[in-house]
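Asker: Going down the list, the protein sequences come from chains A and B.
The opening position of the first sequence corresponds to residue 0 in numbering that gives the first Met the number 0, with each subsequent residue numbered one higher.
The opening position of the second sequence corresponds to residue 0 in numbering that gives the first Met the number 0, with each subsequent residue numbered one higher.
Hints listed in this document are in silico derivations from the structure and should not be mistaken for laboratory results.
A couple of the hints might just be wrong.
Over 12 Å on every C-beta distance to chain A, these chain B residues come out as not near it, computed from the model [claimed, not checked]:
#  : residue
1  : F12
2  : T37
3  : G42
4  : R43
5  : F52
6  : F78
7  : F101
8  : S184
9  : R210
10 : K213
11 : N241
12 : L263
13 : S273
14 : P385
15 : N387
To spell it out: a stretch of chain B is covered by chain A in this simulated footprint if at least three of its residues, at any positions, have a beta carbon under 8 Å from a beta carbon of chain A; those stretches are [unchecked claim]:
#  : stretch
16 : 64–77
17 : 248–262
18 : 304–312
Since we're looking at a predicted model, the values are computed, not measured.
Ideal placement from N, C-alpha and C gives every residue a C-beta, glycine not left out.
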Amino acid sequence: MSTNLLIFAGAFITTWTMLEVLFKVSLSFANDNNSIQNDNFIYYLRLVSVLLFLSTSIFFIVNEEKLTNIISFICAI
Amino acid sequence: MKLLKKSPLYVVFGGGVTVFITLGLNHSNGLFLLPITTDLNSGRELFSLAGAFGILFSGIGAPVFGGFSDKYGAGRTIFILGLLQIISWIWVGNINSEFDLFGSRILMGIGSSGVLGIALSVTGRSISSNNKSLFLGIIMASGSFGQFVMVPIINYFINNFGWVFSSMAASILVSPLLIMSFLISKNSTKQIFSNNDQTIFDSIKSAVNNRSYKLLTSGFFVCGFHVTFVSTHLPAFLNDNNLEESIAGFALALIGLFNIFGTLSFGYLGSKVSKKNLLSSLYFLRSLLFLSFIIAPKNEFTVLVFSATLGILWLSTVPLTNGIITDIFGHKYSSMLFGFTLMSHHVGSFLGSWLGGRIFDLYGTYSPVWWLCVILGFTSAIIHFPINTNIKITNHDKSALET
Chain A
0 MSTNLLIFAG
10 AFITTWTMLE
20 VLFKVSLSFA
30 NDNNSIQNDN
40 FIYYLRLVSV
50 LLFLSTSIFF
60 IVNEEKLTNI
70 ISFICAI
Chain B
0 MKLLKKSPLY
10 VVFGGGVTVF
20 ITLGLNHSNG
30 LFLLPITTDL
40 NSGRELFSLA
50 GAFGILFSGI
60 GAPVFGGFSD
70 KYGAGRTIFI
80 LGLLQIISWI
90 WVGNINSEFD
100 LFGSRILMGI
110 GSSGVLGIAL
120 SVTGRSISSN
130 NKSLFLGIIM
140 ASGSFGQFVM
150 VPIINYFINN
160 FGWVFSSMAA
170 SILVSPLLIM
180 SFLISKNSTK
190 QIFSNNDQTI
200 FDSIKSAVNN
210 RSYKLLTSGF
220 FVCGFHVTFV
230 STHLPAFLND
240 NNLEESIAGF
250 ALALIGLFNI
260 FGTLSFGYLG
270 SKVSKKNLLS
280 SLYFLRSLLF
290 LSFIIAPKNE
300 FTVLVFSATL
310 GILWLSTVPL
320 TNGIITDIFG
330 HKYSSMLFGF
340 TLMSHHVGSF
350 LGSWLGGRIF
360 DLYGTYSPVW
370 WLCVILGFTS
380 AIIHFPINTN
390 IKITNHDKSA
400 LET
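Bound-form chain B, shown alone (with noise of 0.2 Å):
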């Protein structure tokens, strides 16, 4: 048992239920847009906005927690988080004006957020660096094996037991984070740093004065403005051209099956290739398929071609980007500056999510968000090229700055 509480596969163990629960999830709440804008007679926009607020929301506390994770131990946060996520899905369940939507969706967001970047940051210290890349790819592999089988689940949930029995179980399978929180706190304040005597405000200094790391924040946002328009109107477009609603479903779970096999490679590749290169061709790739997705015709196997492919590319971009991360400032306050980094994607989510709703609400179609997902996509392909992963910034040392 001594040789168990040693291992630092207790440690991944522990994060990676962590992640598997969140964002498996997180990534259903599309599943709510439909019976509970039905429920409560608004348009999607209201929807939208309340998960877009549920995001920044959960993008501000990313750096705050990621800094009290770095500060206090990481076992705390994820235990604070897990309470809060509990209370957010049961206030879910019991919505019934537009006060609930924004509150429990605020909640939500807070209840998630650092959770991703404190499973990710903790694993980097306790694995060897040979394979953290992968590691942190497995990390990433089980949110989306969270994916995969938490949304099923909550569709079915949903289709036969309706939305609020959904939310009331979402709150009972969120628990388990509590029990992973005392796995994980194992490890995380007592280590022993190459940048130790670093503060928190020269960290985010040298972060704040590094060219890469604000180029690298930059093309994060595009993630979060990508994954979460999918993954929150996505079911809404395919009912829209008259596909099945099991569709929506697979289609959401085949991006999540398929994500685990893109986080495993490109987490593999990480650690042969060039992590920014990889960032690059990745988002490149991407734009490539949303264009091939406007033009093809909507039919099942198209779109679940499209949401299989997608799910290559889905979250691969989070194990380069906290590799990154970890390849230039060292781990100590690796949480709170990935926390930073997140912050950017959630802005970005929180406008795919808003905007998507918006447009829809406007226009009457979800055109105009496909096109500002492809524009996107090779902008960041582009911003991602000058980024410079060969200066390690570990201390004080202002000269290794970037200017």
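Chain A with its partners taken away, still in its complex shape (with noise of 0.2 Å):
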């Protein structure tokens, strides 16, 4: 489990960074560099990237077992 979760988190940060590369890179052959709109979006983008990869961690963190049974119970309904 906590292998996956290593792994996991290696490939989401090496991704994530160059993604805030490509980013930078293309901002500046922008013609209205507004700054702070800049920084606000990539700053709500980043948000969003934490809340997403903490939510999938929970695959990782959670007793498989436990989730299987949540997710059969619902198949159930």
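Please assemble the complex out of the two chains, which come individually in their own frames, going by the hints.
Answerer: Shown next, in the form of structure tokens:
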């Protein structure tokens, strides 16, 4: 479980770094460089990413059997 | 309530949920490859060919339903498409022969045709031009989020309850489309467009004579090839490389997750930087990524990094492509014109799905197709450079057309 979570976190952080670099490089070609607007956008994007990362990590942290039981229960309903 | 009904967010929500469900379930098709081919005792080529035909019909249906939506309203069109999708998923659960496999896939293709174009066009019409690119990105991001949510659910269903139950569950999951059609119907036909006197045929004629539109349509073919090849064949490819079954589900989910950030970022960047330059760099980066994946060792980490990075570049092409079309041709027939572009995308998807299976059955490896992905990506990057987005064609002014 912990190894998979580490791999997932590693992949997530590596790719997120690449996205930020891509975003900053692309913006350097922008005609109207509104830095406050850009910073706000990346701030909210980071916020969403943290939320999604945490929600995804639940799959690794929660005991798989418990999760299976919950999903089976929902399916039964 | 009246205020809510007049709000453009009402349409954005309806469009977002529609794309969320349709794209989410479409991207889980690859997970059915191994169980269905095992049950039918057929090769991968047959499943790939059926999927490819579905995609092809989806492409053919895109401009048809796009035109229907432009003329009779997006709500009615989405309602019909929703019904077709429900029937097709029920049919998938009752596959007993090759006829059922092809029939259900083709019906699913028709049912999902035009959904994306309609949702994007309706959103584009209801949002002010300053934020348009970002909202188109949000619609695409909801599709990605659908992939992120739906793929693991379907993967879980298949692993625990079998593919028959999973397809029945999918038919229920797709049913909210019928409700969303009413939300979307608050828009579309009663608007005053800058090109209001233009007929459908004028619009098609001006598009066919426009060099930038032809280049854009050709380039979009590559996007379809890449996306469908990976989503259909990646699970089997990972299985061939002795990786756990769950990695395939996570890889597809991670593509969906990072596609959310990708489409939002490129949607935002589209309002700041030249859209065609962004498209060129996007295809160039895809090629570099495929090249790196060919060379890199295949383990859990490299697969997940590849998937996440591909996710950033996955459907980020769509808001930019749609944005260029509306920049040049205006909004009135944007669903239909984007539908034609989407048809090219789906021809690429057809080849990506079918060729992947064909090459594997012939050579026992996907390597030639990965290399083809690299070459096509570089080609598409070059194709997008000469596109001219500064010409606006909003009426019969033929002198404005590029020859």
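Asker: For each hint, tell me whether it holds in the structure or not.
Answerer: We went through each hint and held it up to the structure:
1. F12: 17 Å, holds
2. T37: Check passes; 23 Å lies beyond 12 Å.
3. G42: 32 Å, holds
4. R43: Non-interface label on R43 of chain B holds, nearest chain A Cβ at 27 Å vs cutoff 12 Å.
5. F52: At about 31 Å from chain A, F52 of chain B clears the 12 Å cut-off, so the statement holds.
6. F78: Holds: least Cβ distance 27 Å, greater than 12 Å.
7. F101: Consistent with the label, F101 of chain B stays out of reach of chain A, its closest Cβ about 29 Å off (over 12 Å).
8. S184: Holds, because the least Cβ-Cβ distance between S184 of chain B and chain A comes to about 30 Å, which exceeds 12 Å.
9. R210: 24 Å, holds
10. K213: Fine: 26 Å to the nearest Cβ keeps K213 of chain B off the interface.
11. N241: The claim stands: N241 of chain B keeps its Cβ more than 12 Å from every Cβ of chain A (closest is about 16 Å).
12. L263: 6 Å, violated
13. S273: At about 8 Å from chain A, S273 of chain B fails to clear the 12 Å cut-off, so the statement is violated.
14. P385: At roughly 18 Å from the nearest Cβ of chain A, P385 of chain B sits farther out than 12 Å, so the non-interface label holds.
15. N387: 17 Å, holds
16. 64–77: It is violated, with 0 qualifying residues against the three required.
17. 248–262: holds (count 8)
18. 304–312: Result for this restraint: holds, n = 6.
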